[in-house]
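Novice: First to last, the sequence lines map onto chains H and A. Just add 164 to the spot in the first sequence (first one is 1) and you have the numbering used here. Just add 14 to the spot in the second sequence (first one is 1) and you have the numbering used here.
It should be emphasised that the hints constitute simulated quantities derived from the structure, not laboratory data. Be aware that a few hints might be false.
Beta-carbon label-pair distances, calculated as ranges [said to hold, decoys possible]: (1) H:E551 - A:Q133: 26 to 32 Å; (2) A:D96 - H:E551: 17 to 23 Å; (3) H:V494 - A:P56: 56 to 62 Å; (4) A:E206 - H:R475: 52 to 58 Å; (5) H:F433 - A:N131: 53 to 59 Å; (6) A:G136 - H:L505: 51 to 57 Å; (7) H:L447 - A:N131: 30 to 36 Å; (8) A:G136 - H:V531: 39 to 45 Å; (9) A:R108 - H:V531: 37 to 43 Å; (10) A:D198 - H:S554: 27 to 33 Å; (11) A:E46 - H:V531: 24 to 30 Å; (12) H:V494 - A:A222: 55 to 61 Å.
None of these values were measured; they are calculated from a predicted model. Note that beta-carbon positions come from the ideal geometry of N, C-alpha and C, so glycine has one too.
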Amino acid sequence: MDSLIAANISQRPLRTAISIIGVALGVILVTLFVGLARGMMHDAARRQSNVDAEVRFLPGGNISLAGNPLMLQQRYADAILKGVQPTAHDPDVLPKPPVPGVIATTAVGEYVQSSVAGIGFEMVDGLDYKSFVQCTHLNVTKGRPLGDGETPGSEYEAIVDRYYAESGKDIDGNPIRLGSRITVLGHEFTIVGVYEPSVLARVKIPLRTMQQLLGGAENCTFVMVKCERPELADEVIEQLRRYYPGNHVIATTEIPALYSQGLAPVEIFLNVVIGLSLVISVLVILLAMYTTIIERTREIGILKSLGASKRFIVVTIEKEAALISAMGVVLGFIAAVAGKLWLEANTRLMVDLEIKWLVIAALIGIVGGIVGAIYPALRAANLDPVEAISYD
Amino acid sequence: MKPVLETIDLKMVYHVGKVEVPALRGATLQVEPGEYVAIMGPSGCGKSTFLHIVGGMLKPTSGRVIIEEEDLTAMTDAQRTDLRRRKIGFVFQRFNLFPTLTAEGNLKLAERIHSGNSQDPGRRREVLKLLGLADKTHHKPLELSGGEQQRVAIARAVINRPAILLADEPTGNLDTENSDVVLDMMAQLNKELRQTIIMITHNAEAAARADRVIEMRDGHVVRSNVQVGAVQGTHK
Numbered sequence: 165m166d167s168l169i170a171a172n173i174s175q176r177p178l179r180t181a182i183s184i185i186g187v188a189l190g191v192i193l194v195t196l197f198v199g200l201a202r203g204m205m206h207d208a209a210r211r212q213s214n215v216d217a218e219v220r221f222l223p224g225g226n227i228s229l230a231g232n233p234l235m236l237q238q239r240y241a242d243a244i245l246k247g248v249q250p251t252a253h254d255p256d257v258l259p260k261p262p263v264p265g266v267i268a269t270t271a272v273g274e275y276v277q278s279s280v281a282g283i284g285f286e287m288v289d290g291l292d293y294k295s296f297v298q299c300t301h302l303n304v305t306k307g308r309p310l311g312d313g314e315t316p317g318s319e320y321e322a323i324v325d326r327y328y329a330e331s332g333k334d335i336d337g338n339p340i341r342l343g344s345r346i347t348v349l350g351h352e353f354t355i356v357g358v359y360e361p362s363v364l365a366r367v368k369i370p371l372r373t374m375q376q377l378l379g380g381a382e383n384c385t386f387v388m389v390k391c392e393r394p395e396l397a398d399e400v401i402e403q404l405r406r407y408y409p410g411n412h413v414i415a416t417t418e419i420p421a422l423y424s425q426g427l428a429p430v431e432i433f434l435n436v437v438i439g440l441s442l443v444i445s446v447l448v449i450l451l452a453m454y455t456t457i458i459e460r461t462r463e464i465g466i467l468k469s470l471g472a473s474k475r476f477i478v479v480t481i482e483k484e485a486a487l488i489s490a491m492g493v494v495l496g497f498i499a500a501v502a503g504k505l506w507l508e509a510n511t512r513l514m515v516d517l518e519i520k521w522l523v524i525a526a527l528i529g530i531v532g533g534i535v536g537a538i539y540p541a542l543r544a545a546n547l548d549p550v551e552a553i554s555y556d
Numbered sequence: 015m016k017p018v019l020e021t022i023d024l025k026m027v028y029h030v031g032k033v034e035v036p037a038l039r040g041a042t043l044q045v046e047p048g049e050y051v052a053i054m055g056p057s058g059c060g061k062s063t064f065l066h067i068v069g070g071m072l073k074p075t076s077g078r079v080i081i082e083e084e085d086l087t088a089m090t091d092a093q094r095t096d097l098r099r100r101k102i103g104f105v106f107q108r109f110n111l112f113p114t115l116t117a118e119g120n121l122k123l124a125e126r127i128h129s130g131n132s133q134d135p136g137r138r139r140e141v142l143k144l145l146g147l148a149d150k151t152h153h154k155p156l157e158l159s160g161g162e163q164q165r166v167a168i169a170r171a172v173i174n175r176p177a178i179l180l181a182d183e184p185t186g187n188l189d190t191e192n193s194d195v196v197l198d199m200m201a202q203l204n205k206e207l208r209q210t211i212i213m214i215t216h217n218a219e220a221a222a223r224a225d226r227v228i229e230m231r232d233g234h235v236v237r238s239n240v241q242v243g244a245v246q247g248t249h250k
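Extracted from the complex, chain H is given alone in its bound form (with noise of 0.2 Å):
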């Protein structure tokens, strides 16, 4: 690198070093920004899709993975199981046989709540234990299984996955052990169990503790469907859909392209701070480096003066600024990762630094500096050498 640039960057090591956090900021922003969407997605699309049953049983109405809370009745987990008979309660109801090629169901609820650690959400599961492992490869490794919340004492208790038992805090903010106390829905839980491997969402209570709370009682979220085999899935979907209509009956494995699709709105959020961060690189750059201009003015006649074309000095005040933005870039990198780090010791929160985005995180930063410098280098490069020199 030329001594002269180096030189220049080293004679003004406090505006050099805002230009670089400036650009860094923006490099912050969106690998942050994207990485923290796409860690939260994809953490989510890999739990909802970690399970044994093939077949997911929704209610009607628009696909909600998350946020729609016990709008479903529980008793479709019964109904496609064992099928549906009149009875003296409801002799109405048109029967119907199992549906083929099923060999377990489990009604299981969803909460989103606040984070307890403060930062973002975290989802809770109702379940009713014994069905969900039927469906699940779920293991208790620590303590007991989750009581079925009819059981005196049962009501508020809580499994928890082994990533939350290592990295979560109780009410107390105390490490999470065995006995330990936390806060679901409002309410204190004590956690008798610890799981793997992480499956829905990471904190467990019983479904019907979740359905007095929320007041929904007999309802559900969704109901887990698992199938005889693997390969009997396709066919019973198509059961699904003709027996029970205006449901929805999707596979397990459609689950993360439906996250993908969930995060199509979130891309439009994410072009806006990627657009930002092209204009924090430019406005920073452009600001450093026009003041650079002004100040050098007299140093930039020396240069005409000794003969530099104007090609010489906008490609010197070019790499300046591409240096500064890369080491902008780096230092972005640098504190992305160590927020990374912060963020999923501290919280629950995931963050997924992919390459792609680094990648663009860092064109962001450079192809942002060198724009910035355009318009400065151009006036540098069109100064009058006899004013230049002479400037004062």
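Model the placement of chain A on the given structure of chain H, informed by the hints.
Specialist: The following block gives chain A in isolation, referenced to the frame of chain H:
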């Protein structure tokens, strides 16, 4: 022998608002290769304008400037810059070194502007030695005396073997002792390297070192080979 520099009826008019201010009113001059010429004259007589035009930093209103058979006045701005890069070396009263670069860094920058990355360390050492700067190469301007700074500026001006060295009051910011050193160095460059020098000065002692003294007045070259004593009393 063809002159290294020829100016023919050179005129320059500045426009200050709606007012026209003539700085040169038809300056004609010839300088031979290897000549050491001093230009004297009162303030405002057009000396600096003349030097800037000859150095390609200004375009005259009319007239011609020919440097080694290249007509500077027929050139575009970019062509004049190129000619300045190839054939002109400037030395200024205020030294005009890059304060952030060492003495060697200043020379390297001039070399890079002139030749790109193909630099000549041997030439650099030769010039620095000739100007008594061999032990100052890693010093920045603020670590050097005024005389040393001006010698670095001279070294930078001649590093690329310019056809003409243009010096604008090179001793104007120096005390007598340092002035003598700088003038000795310029004389040495002229004699040992046959460097053509055109120097503007108010200092009669400085002018006395030149082969020839030119007197300017009111934008004209009034005498082109004058005894130093004859103009001594006419300028500040």
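Novice: Each hint needs a verdict: does it hold in this structure or not?
Specialist: Hint by hint, here is what the structure shows:
At roughly 30 Å, the beta-carbon separation of E551 of chain H and Q133 of chain A lies within the given 26 to 32 Å, and the hint holds. Between D96 of chain A and E551 of chain H the beta carbons are some 21 Å apart, a value that agrees with the proposed interval 17 to 23 Å. For V494 of chain H and P56 of chain A, the Cβ-Cβ distance of about 58 Å falls inside the hinted range of 56 to 62 Å, so the restraint holds. Against the hinted window of 52 to 58 Å, the Cβ-Cβ separation of E206 of chain A and R475 of chain H comes to about 35 Å, which falls outside the hint.
For the pair F433 of chain H and N131 of chain A, the beta carbons lie near 47 Å from each other, so the given range of 53 to 59 Å is not met. The hinted window of 51 to 57 Å between G136 of chain A and L505 of chain H holds, with their beta carbons roughly 54 Å apart. The hinted range of 30 to 36 Å is satisfied by L447 of chain H and N131 of chain A, whose Cβ atoms lie roughly 34 Å apart. Look at G136 of chain A against V531 of chain H: about 42 Å separates their beta carbons, and that is inside 39 to 45 Å.
Between R108 of chain A and V531 of chain H, the C-beta spacing of about 39 Å keeps the proposed range 37 to 43 Å intact. Restraint check, D198 of chain A to S554 of chain H: a C-beta distance of roughly 28 Å satisfies the suggested window 27 to 33 Å. The supplied range of 24 to 30 Å is broken by E46 of chain A and V531 of chain H, whose beta-carbon atoms lie about 54 Å from each other. For the pair V494 of chain H and A222 of chain A, the beta carbons lie near 59 Å from each other, so the given range of 55 to 61 Å is met.
This entry does not satisfy hints 4, 5, 11, going by the numbered hints stated previously.
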